[in-house]
Amino acid sequence: MMSDQEIIEGCAKHDRKSQQLLYDKYSRFLLGVCLRYATDKAEAEDILQDSFLKIFFNIKDFSGTGSFIGWLRKVAVNTAITHYHKNLKYRYHIEIEEYVSVETGVASFEQDFFTSDELYKVLNELPAGYRMVFNLYAVEGYKHKEIAKMLGIDTNTSKSQYSRAKAAIRDKLEILRKLKSNYSASDK
Amino acid sequence: MKIEFYNKVKGEKEDRMLNELFRQKLENAEVTPSLSVSANLMRRLGRREFLHFNPTRFNIWYAGSIAVAGTAIAIFLSSGPDKNKIERKTQEPVSIEIKNSNVTDSLAVNIPSNQSLNPSENIQGKAEGRRKSPSITTEAGKNEKVNQGISGQGDIISTPSAIVSLLPKNGVIKETSTEKDELKGGINNSENLIEASVTEGCTPLKIRFKNKAGSFDSCVWNFGDGGYSTQKNPEWIFDNAGEYKVILQVSGPGDIKSVSLTVIIVHPKPSTKFEFTPENAILPDDQISFRNYSTGAEKYRWDFGDGNFSELYEPLYSYKKSGKYNVRLVAISEFDCSDSLTIYNAFSNSGYYINFPNAFIPNPNGPTGGYFTLKSDEASQVFHPVFSGVSDYQLRIFNRRGVMIFESNDVNIGWDGYYKGQLSNAGVYIWKVRGNFVNGETFIKMGDVTLLKN
Numbered sequence: 013m014m015s016d017q018e019i020i021e022g023c024a025k026h027d028r029k030s031q032q033l034l035y036d037k038y039s040r041f042l043l044g045v046c047l048r049y050a051t052d053k054a055e056a057e058d059i060l061q062d063s064f065l066k067i068f069f070n071i072k073d074f075s076g077t078g079s080f081i082g083w084l085r086k087v088a089v090n091t092a093i094t095h096y097h098k099n100l101k102y103r104y105h106i107e108i109e110e111y112v113s114v115e116t117g118v119a120s121f122e123q124d125f126f127t128s129d130e131l132y133k134v135l136n137e138l139p140a141g142y143r144m145v146f147n148l149y150a151v152e153g154y155k156h157k158e159i160a161k162m163l164g165i166d167t168n169t170s171k172s173q174y175s176r177a178k179a180a181i182r183d184k185l186e187i188l189r190k191l192k193s194n195y196s197a198s199d200k
Numbered sequence: 416m417k418i419e420f421y422n423k424v425k426g427e428k429e430d431r432m433l434n435e436l437f438r439q440k441l442e443n444a445e446v447t448p449s450l451s452v453s454a455n456l457m458r459r460l461g462r463r464e465f466l467h468f469n470p471t472r473f474n475i476w477y478a479g480s481i482a483v484a485g486t487a488i489a490i491f492l493s494s495g496p497d498k499n500k501i502e503r504k505t506q507e508p509v510s511i512e513i514k515n516s517n518v519t520d521s522l523a524v525n526i527p528s529n530q531s532l533n534p535s536e537n538i539q540g541k542a543e544g545r546r547k548s549p550s551i552t553t554e555a556g557k558n559e560k561v562n563q564g565i566s567g568q569g570d571i572i573s574t575p576s577a578i579v580s581l582l583p584k585n586g587v588i589k590e591t592s593t594e595k596d597e598l599k600g601g602i603n604n605s606e607n608l609i610e611a612s613v614t615e616g617c618t619p620l621k622i623r624f625k626n627k628a629g630s631f632d633s634c635v636w637n638f639g640d641g642g643y644s645t646q647k648n649p650e651w652i653f654d655n656a657g658e659y660k661v662i663l664q665v666s667g668p669g670d671i672k673s674v675s676l677t678v679i680i681v682h683p684k685p686s687t688k689f690e691f692t693p694e695n696a697i698l699p700d701d702q703i704s705f706r707n708y709s710t711g712a713e714k715y716r717w718d719f720g721d722g723n724f725s726e727l728y729e730p731l732y733s734y735k736k737s738g739k740y741n742v743r744l745v746a747i748s749e750f751d752c753s754d755s756l757t758i759y760n761a762f763s764n765s766g767y768y769i770n771f772p773n774a775f776i777p778n779p780n781g782p783t784g785g786y787f788t789l790k791s792d793e794a795s796q797v798f799h800p801v802f803s804g805v806s807d808y809q810l811r812i813f814n815r816r817g818v819m820i821f822e823s824n825d826v827n828i829g830w831d832g833y834y835k836g837q838l839s840n841a842g843v844y845i846w847k848v849r850g851n852f853v854n855g856e857t858f859i860k861m862g863d864v865t866l867l868k869n
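So the protein sequences, as listed, match chains A and B. Going left to right, the first sequence walks through residues 13 to 200 as my numbering numbers them. Going left to right, the second sequence walks through residues 416 to 869 as my numbering numbers them.
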């Protein structure tokens with residue numbers, strides 16, 4: 013088994029075997045990242061391919077100081093943003109419906125109640141703009157200011173998109189939760 | 416206040432929980448990609464790397480340099496001498512029988528330029544082969560072929576250094592020359608094989624060419640504008656004006672070659688353009704003044720569409736009655752090339768219009784009264800038409816329940832998105848407009864507009 017360092021060096025020399033190793037080792041993790049930014053797995057795989065091309069061609073730029081996996085994630089996220097911008101013109105519909113009032117009776121989401129598949133599905137179903145902002149803010153941990161810069165939008169847009177995304181997610185989770193409770197109730 | 420505060424704290428906590436939920440579950444989640452992804456990726460990678468410079472791998476830069484080098488060598492090896500050979504072949508073949516059958520290598524013999532190639536004379540040449548300066552005797556008198564060759568000897572004598580290469584396999588010396596001028600002799604010898612349907616005309620000029628040769632192996636047409644054809648009777652269209660030398664090379668059967676040349680003259684086509692004033696003329700009151708912007712022409716013919724014509728450069732014309740007229744101008748150049756332009760239904764388009772946008776974003780800071788400026792239009796804050804020649808106008812806007820929420824009789828006042836001082840909800844609204852243009856024509860339009868919020 014080669015170490016990351018060896019794989020990186022191999023990839024920098026465009027060694028096909030190292031590239032394959034890198035792919036085998038990290039593709040599942042990176043697809044996990046990409047899927048959060050896509051509407052479905054096919055789109056996520058497109059982003060994954062583009063990310064790997066970027067990774068293979070720019071691996072010499074990886075300084076080796078930070079964490080490699082962090083760098084990989086960053087490349088994937090940036091590729092997803094590029095992808096989002098590229099496809100922006102195809103997403104004509106603008107969400108007019110606002111998720112303003114949401115019953116917040118369900119306060120707590122137990123960590124293990126939802127599977128990651130379900131959470132992916134919730135994200136996939138979000139409007140692209142909401143999904144971008146929510147991912148970048150909630151999961152990646154960027155500040156609204158940074159997100160605004162990355163997506164080329166206003167800071168306030170980022171904030172409002174985020175809160176709308178949250179509302180939408182809560183709605184979806186609530187529906188899911190009811191469905192699941194019904195199932196478990198009927199099981200009993 | 417207390418409750419709000421409580422809610423806020425509660426909300427923030429929920430927020431964190433929601434974010435935490437996604438982060439914990441998805442931050443390092445793994446999803447297995449489909450098998451095809453890897454294969455696709457590697458294929459794209461291969462393609463990209465091929466295009467990407469990298470000294471250690473085979474890529475396009477290598478392929479490119481090899482191709483360039485290969486082409487250069489190919490040109491150097493074949494095209495140069497080969498061309499001369501072909502051109503040479505257009506003449507009577509010159510062959511010299513060699514009696515010295517010992518010669519098996521290919522030799523190049525330098526003939527001194529002042530030395531005449533006489534059949535009875537011995538050519539003393541420097542042989543650049545392995546053999547020591549063989550003396551080659553041409554006993555031409557005994558051979559018909561050589562006699563023919565001698566008829567072309569004038570060329571050879573004038574050639575400063577004609578290279579004679581020996582092709583010993585069949586004992587025939589083929590003579591090649593470095594001078595291209597000899598080509599002319601070949602052309603003149605034979606009759607012109609080109610027959611063109613026309614030799615002069617206007618762009619785009621379509622010409623059918625005919626190769627009059629009875630039997631031949633192959634022919635190449637060079638149309639002189641960069642185009643080639645190997646058909647016997649090609650058809651060619653000359654798009655640009657100019658003088659073109661069309662060359663036909665016919666080869667075969669055997670070693671016979673013939674080159675024919677014809678000059679084709681293509682005249683430029685004039686370009687017709689015209690306008691008329693007034694733009695929104697009312698017939699028959701207005702006299703129409705035509706403006707001619709045609710170029711490259713010297714004669715003009717106007718057809719006013721009512722059966723009357725004019726050959727003036729810029730006529731003035733009054734129609735007898737209103738109606739639909741197609742005005743046509745034909746411009747004719749000195750070479751009788753013509754171009755025409757027709758404006759259909761020239762005087763019925765009043766030029767008045769009224770159009771509405773399909774979305775706007777109201778100013779969230781309060782009602783503006785519907786006045787719009789360039790600045791408010793940049794932000795699309797007011798819903799209003801763009802128009803020309805509107806005399807009276809009534810705009811009504813309804814919400815989805817059918818309640819009229821806006822009405823304006825002034826085309827310069829649009830809707831700012833407020834209803835009774837309240838910013839309306841985002842969504843689709845229906846509008847209907849009716850009114851008249853200044854020429855009395857009535858317009859009624861309806862549509863929908865989407866109110867957006869930032």
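Warning: the hint list may mix true and false statements.
[What the hints assert, rightly or not] The following residues of chain B were derived to be distant from chain A, with all beta-carbon distances above 12 Å:
1) Phe437
2) Gln664
3) Thr757
[As the list claims (entries may be wrong)] Here are the computed lysine to aspartate or glutamate pairs in the EDC-like style, where the Cα-Cα straight-line distance is at most 20 Å:
4) Lys155/A to Glu464/B
5) Lys66/A to Glu435/B
6) Lys133/A to Glu464/B
7) Lys133/A to Asp721/B
Calculated from the structure, these hints are not laboratory results. The beta-carbon is built from N, C-alpha and C at its ideal position, and this holds for glycine as well.
Right, here's what the structure says about each hint:
Phe437/B, annotated as away from the interface, has a beta carbon of chain A within 12 Å; the closest lies near 5 Å. Under the 12 Å C-beta cut-off, the non-interface status given to Gln664/B relative to chain A holds; the minimum distance is some 50 Å. Separation of Thr757/B from chain A is adequate, the least Cβ-Cβ distance of about 38 Å exceeding the 12 Å criterion. With a C-alpha separation of about 36 Å, the suggested pair Lys155/A and Glu464/B falls outside the 20 Å cut-off, and the hint is violated.
Proximity of Lys66/A to Glu435/B is assessed by CA-CA distance (about 30 Å); at most 20 Å being required, the pair is judged violated. At roughly 36 Å between alpha-carbon atoms, Lys133/A and Glu464/B are farther apart than 20 Å, so this suggested pair is violated. The hinted pair formed by Lys133/A and Asp721/B fails the criterion: a straight-line CA distance of about 70 Å is larger than 20 Å.
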